[in-house]
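Read off the chains here:
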Amino acid sequence: MRYKHIRVVLVGALLLAGLALQAWSQDRPEDKLLREAKLQIFDGKWAPALDNLNKLLRQYGESPAAAQALFYKAECLSKMSGRENEALQAYRDYLKNGDRNKSLVEKAEVSLIDIALSLSTKGDPSALREVEDRLQSPDKDIQYYAALQLSKCRDRSKAAKSVPILLRIIRSEKDTDLTDLAKIALMRVDPKALENLDRRSEDRGARVLRIQIMERGSSRLDISIPMALADLALAAISDRDRDMMRAKGYDLDKIFSDLEKYRGSLIEIKDPDSNTAIKIWIDFK
Amino acid sequence: MEERETKDAAIREAALLIRGLRQGDRESFLTIIRLYQKKVFQMACGFFGNREDALDIVQETFLRVHEKADLFREGHSLQAWVLQVAKNICIDYYRKNYRKRKELESSLSLDELNPAAEPGPNPGEASDLKRILGLCVNKLAKRQRLIFVMRHYQELRNEEIAQILDISLGTVKSLHFKAVRNLRSMLAPYLEARP
Amino acid sequence: MTTRHPYQQRLVEYLSGEIDAGEREVLMTHLKDCPSCQAEEARLKKLLDAASDQKHDVDRVMDTVDWEKLALRIADAAEGRAQAALRARPEKRRPVFAWLFRPAMAYLLAGLFIGGLAMFGVFKAGWLNPSARPAYVASVDFLDKAELELARRETLNYLERSQYLLLDFAQTPPDKAGAVWHKEFSSQQAADLVSSKRFINPQLDKIPMAKAREICDQIEVLFLELSQMSGRLSETQWKDIQDRVEQSQLLLKINLVKKELQGREI
Chain A
0 MRYKHIRVVL VGALLLAGLA LQAWSQDRPE DKLLREAKLQ IFDGKWAPAL
50 DNLNKLLRQY GESPAAAQAL FYKAECLSKM SGRENEALQA YRDYLKNGDR
100 NKSLVEKAEV SLIDIALSLS TKGDPSALRE VEDRLQSPDK DIQYYAALQL
150 SKCRDRSKAA KSVPILLRII RSEKDTDLTD LAKIALMRVD PKALENLDRR
200 SEDRGARVLR IQIMERGSSR LDISIPMALA DLALAAISDR DRDMMRAKGY
250 DLDKIFSDLE KYRGSLIEIK DPDSNTAIKI WIDFK
Chain E
0 MEERETKDAA IREAALLIRG LRQGDRESFL TIIRLYQKKV FQMACGFFGN
50 REDALDIVQE TFLRVHEKAD LFREGHSLQA WVLQVAKNIC IDYYRKNYRK
100 RKELESSLSL DELNPAAEPG PNPGEASDLK RILGLCVNKL AKRQRLIFVM
150 RHYQELRNEE IAQILDISLG TVKSLHFKAV RNLRSMLAPY LEARP
Chain B
0 MTTRHPYQQR LVEYLSGEID AGEREVLMTH LKDCPSCQAE EARLKKLLDA
50 ASDQKHDVDR VMDTVDWEKL ALRIADAAEG RAQAALRARP EKRRPVFAWL
100 FRPAMAYLLA GLFIGGLAMF GVFKAGWLNP SARPAYVASV DFLDKAELEL
150 ARRETLNYLE RSQYLLLDFA QTPPDKAGAV WHKEFSSQQA ADLVSSKRFI
200 NPQLDKIPMA KAREICDQIE VLFLELSQMS GRLSETQWKD IQDRVEQSQL
250 LLKINLVKKE LQGREI
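Residue numbers (numbering that gives the first Met the number 0), protein chains in the order written: chain A, 0 to 284; chain E, 0 to 194; chain B, 0 to 265.
None of these hints come from the bench; they were simulated from the model. Be a bit skeptical, because a hint or two may be false.
What the hints assert, rightly or not - Rough simulated footprint, nothing fancy, chain B against chain E, three-plus residues with beta-carbon under 8 Å:
#: 1; stretch: 31-43
#: 2; stretch: 59-71
#: 3; stretch: 151-163
#: 4; stretch: 178-188
We put the beta carbon where it would ideally sit given N, CA and C, even for glycine.
The shape of chain A in the complex, shown without the other chains (with noise of 0.2 Å):
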């Protein structure tokens, strides 16, 4: 009698303390707080959420949600114009923090490099050093995004930097969006280097898209892509010359069905109202 007793009570005690457990997280004013301002981030509504954010912080900075608010006012700052310095500091202050949210972390190093670079085309070039740094990053996907960013750096020797990465993407790893961003990331930066990578892999011998577009007699477009680009370098043709070719009866598949079926042979498409000449051919090397 007095056991089942007993367990009734424990049972209960639980029950309670679970209840109470729910009940507290939930109703924490600093919880309350975090999740409006997530409401009105969803909303798009930067400026409100911003300031319950830095109510949250002030009252309760040292609370276990001042970590995620951290998170979500860098958020916020990043979406303002004209704040991205205090976006990149409340990032930075948020990684200091140690927050073990996998996936808050990702983005928050993700959200500054993207900030670090446009801080360094607007002037800043000591922004970069939060990009470079990150080459080194433990966690390989960040690694790789900071190499693909910093490739587009006008500054070409930071800008090469980031080839050593980009060759590593590109040689191990299998997702194709992967490795044609990286391929198209080593175009920009050092062409070479993917000539010499795609020269030792092809035993066929490198196979190059050439695209030569002139208009009333000088050259517009002029432009050999490695083929396994070949189908994103078609569709990177402007709009008015993918309008010209898709009224004389050419759309991507065509295109290639030709090449395919006279190996090596020249697509010529003319239109002479306009006076302009699109080539396409296959170069073999």
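Once you've looked at the hints, dock chains E and B against the given chain A.
Same frame as chain A, now just chains E and B:
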């Protein structure tokens, strides 16, 4: 060793057949047709979903093979080449004859196949799924559709497909996966296990 | 991109017998204990089985064809055409290229040089381009556009995967929230989706992607939350998120943006 011998033998046979064809030998041409007409039919039937179009495609394919015998490169796979011709014809045919069908297709737009719509009394029913699968395969982008057809209806291996479409093995796998994934999301309500 | 559950792609490859023995072992061990991956496997298998059935249907249709007759008919037709072409006057083009002269304006206007080159056989490298040049050359502008195209595709991808996840989410009643539903699975999926967005981000600021920007960001906010929720979602929190999804008409907007992005395809 044995595999290479079979492959060499196939290449030699292909070369003989093509040379015969180029010289106008009817029997060589008939042999080529007999060897590959079913495979071509499988591709076309999977791609278009009907018998008549598929038969047209088979005929057109071999007529073109006959005309363009000069373009075949000896030493390469004859099957791959014939299927390449077939594939190109499928795409040409699609563009010419199915453009008008777009109006019909748009009335069967994806929204109507949407999970929000009623799938029928027994969504887990096999025949329902098969019927809708056919419709959904037709909604795939051309290359994805081709690859799906080649993998599952013609049962070609990835390597063979890569050869026919002249793309890398990696692209074949990723396009195949994209096709499966797209089908999977289009067919979501039909894939749930019956309670 | 690390994941505890196998990617869908892995499952597909496993079902198609394309993974090696070692990986198969690992995957099967995981499947034994993971109901959500088991369910996914079952769905994919159903899909692939249906495709197999279709194939058998095609095979059955093939049995209705008289193949020998067809072969003979084709051979006759080919000979007929060849002879008709021979009978034509010699000034006319070779029969091989007769198809070029269909009324289709497209071919005429295109001015294909294919005929001539094909007659001369294999195309020599550099023939059209005598001056030496490095193999890969493209302007920054061009590369930007190629990247944009990649981003367009990736965004479509992202939207589709989000759509699927959101649908799953929207259809689960809140009282099942604490139950065996794919909490962990979907929170991992949500995390993966947030991860994959990073590659699209830089492109979302470009004009053609403007419509996608807002919606991708909204989805991301949602998924960031979902990704943190594994094992701790309460009924209220669940309902809260469901309401948000419904009120913002997220699923409808995703469809609209997808259509917009698909329209830009070449």
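These are the hints, each one checked on the structure:
1. 31-43: holds (count 6)
2. 59-71: Coverage by chain B holds here, the residue count being 7 at a Cβ distance below 8 Å.
3. 151-163: That given contact holds, which follows from 4 residues of the stretch 151-163 of chain E lying within Cβ reach (below 8 Å) of chain B.
4. 178-188: holds (count 8)
When held up to the earlier numbered hints, the structure conflicts with none and fits them all.
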